[in-house]
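Engineer: Required output: the full structure, derived from the provided sequences and hints.
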Amino acid sequence: MLPNHHIDEDMLLAYAAGTLGEAASVLTAAHLSLCPHCRAGVAAAEAVGGALLEDIAPAPVSEINVAAFLDRMDAAEAPTSQKTARGDGLLPAPVSNYMSSDMKSLKWSFVQPGVRFAELLVDGTGARMGLMHTQPGASITPHGHSGEELTLVLSGGYSCNGQGYRRGDLQSADESTTHELTTDLDGECLSLVMIRGRIRPTRWIARILRHFTDF
Amino acid sequence: MVTLVSKVLPPGEMSALLVDIAATRDRQKFAQLFEYYAPRMKAYLMRQGTDSAGAEELAQEAMLIVWRKAESFDPAKASAATWIYTIVRNLRIDALRKMRRPEFDIDDPAFVPDPPQRPDEAMVSDQLERRVKEALRALPEEQAVVVRLSFFDDKPHGEIAAELSLPLGTVKSRLRLAMRRLQPLLGD
Numbered sequence: 001m002l003p004n005h006h007i008d009e010d011m012l013l014a015y016a017a018g019t020l021g022e023a024a025s026v027l028t029a030a031h032l033s034l035c036p037h038c039r040a041g042v043a044a045a046e047a048v049g050g051a052l053l054e055d056i057a058p059a060p061v062s063e064i065n066v067a068a069f070l071d072r073m074d075a076a077e078a079p080t081s082q083k084t085a086r087g088d089g090l091l092p093a094p095v096s097n098y099m100s101s102d103m104k105s106l107k108w109s110f111v112q113p114g115v116r117f118a119e120l121l122v123d124g125t126g127a128r129m130g131l132m133h134t135q136p137g138a139s140i141t142p143h144g145h146s147g148e149e150l151t152l153v154l155s156g157g158y159s160c161n162g163q164g165y166r167r168g169d170l171q172s173a174d175e176s177t178t179h180e181l182t183t184d185l186d187g188e189c190l191s192l193v194m195i196r197g198r199i200r201p202t203r204w205i206a207r208i209l210r211h212f213t214d215f
Numbered sequence: 001m002v003t004l005v006s007k008v009l010p011p012g013e014m015s016a017l018l019v020d021i022a023a024t025r026d027r028q029k030f031a032q033l034f035e036y037y038a039p040r041m042k043a044y045l046m047r048q049g050t051d052s053a054g055a056e057e058l059a060q061e062a063m064l065i066v067w068r069k070a071e072s073f074d075p076a077k078a079s080a081a082t083w084i085y086t087i088v089r090n091l092r093i094d095a096l097r098k099m100r101r102p103e104f105d106i107d108d109p110a111f112v113p114d115p116p117q118r119p120d121e122a123m124v125s126d127q128l129e130r131r132v133k134e135a136l137r138a139l140p141e142e143q144a145v146v147v148r149l150s151f152f153d154d155k156p157h158g159e160i161a162a163e164l165s166l167p168l169g170t171v172k173s174r175l176r177l178a179m180r181r182l183q184p185l186l187g188d
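Here the protein sequences come in this chain order: A and B.
Residues in the first sequence are numbered from 1 upward in steps of one, following the working numbering.
Residues in the second sequence are numbered from 1 upward in steps of one, following the working numbering.
Read the hints as simulated data drawn from the structure, not as lab findings.
Cβ coordinates follow ideal geometry from the N, Cα and C atoms, glycine included.
Please note that a few of the clues may not be correct.
Partial pick of chain B residues on the chain A-facing surface, computed with a CB cut under 8 Å [claimed, not checked]: (1) 39; (2) 92; (3) 100; (4) 154; (5) 172.
Structural biologist: Printed below as a string of structure tokens:
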């Protein structure tokens, strides 16, 4: 089944331009692994990059003997290309590349009953990325955000504001959004989450929990 | 200094040259490609804030990657300009932003392949590039400006918005409108 909830066009463009932070890029690349529709969007945006490169006023470069340059380079050892490890089909390669161990051995922290989080990356922009695991029927209490939050479902599903999210679906939230996520009853849900800024729980209990979990 | 090849070649010519280089490993032909793209890569890198010497070094490094990876160029998937753009972009991210560039991998067992295309939907990548260029020229100026800045300034959209004294939401919506004009070109 193909995803129904996609990446915003401006984010696809930032990914193609290479200006997106690392955590948001991992999320984008993971969604692209699962979504032919958005891959076509990135291909169009990269074609824009190609067209702009073609049209740019060239900067003068020093004259070099290209053949001799290649001889010198061929004599040096060519770097072995890093091939991504073969995944198990559950986690897209852009995500599993950030894991040195399997899922069970990750450092999971308690968020609230039925909800755990394992951090994989804090990037240069201060955005945190990690896996979130929720039990069937578990809800993530209503919360707001001081920055952007992106959620990509990897297995199972959840509902939020009357919409269903399944594998490959991406949900974005920001300062203006308050939402509550409820895991589907028929199974556990695993998603990749990126958070910029802080989560603002709207219930007193969540406020207390935040002191203990730093989530 | 070499004489600048500033004329823009007909689309397809560079893609054919690159395919030829991959097949023959002909160094003279590669020198032609080098003369055409190295000054453009250097200009692109300088626009991103790299100094002249640094930009030249990175452009040479990028051209070396082009030489080493030429066999993996597939003219059905992207034009030479687009493929070369992604190489210099990734090198810039790696060298200047000091971060990894996460990308999807078609050999990944989790990868969901494209649905089969009807023959009448298939578009040659050089044809796509030509149409993208036309669509870019036809964009309203306010959209074209933010698209150009997104590609040439190594800055998040928030900073571009601040420089243009525009709300971030306005910059984002202009980029979305521009992308929607470009995306139908892919027949999606």
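Engineer: Does each hint hold? Answer for all of them.
Structural biologist: Evaluated hints:
Here the hint on residue 39 of chain B is kept, as its CB sits about 3 Å from the closest CB of chain A, short of 8 Å. Hint status for residue 92 of chain B: holds, given a least beta-carbon distance of 6 Å to chain A, under 8 Å. For the restraint placing residue 100 of chain B at the interface with chain A, the shortest Cβ-Cβ distance is roughly 6 Å, inside the 8 Å limit, so the hint holds. The interface hint given for residue 154 of chain B is met, as the beta carbon of that residue sits about 6 Å from the closest beta carbon of chain A, less than 8 Å.
The criterion of a C-beta within 8 Å of any C-beta in chain A is met by residue 172 of chain B, whose closest approach is roughly 4 Å, and the hint holds.
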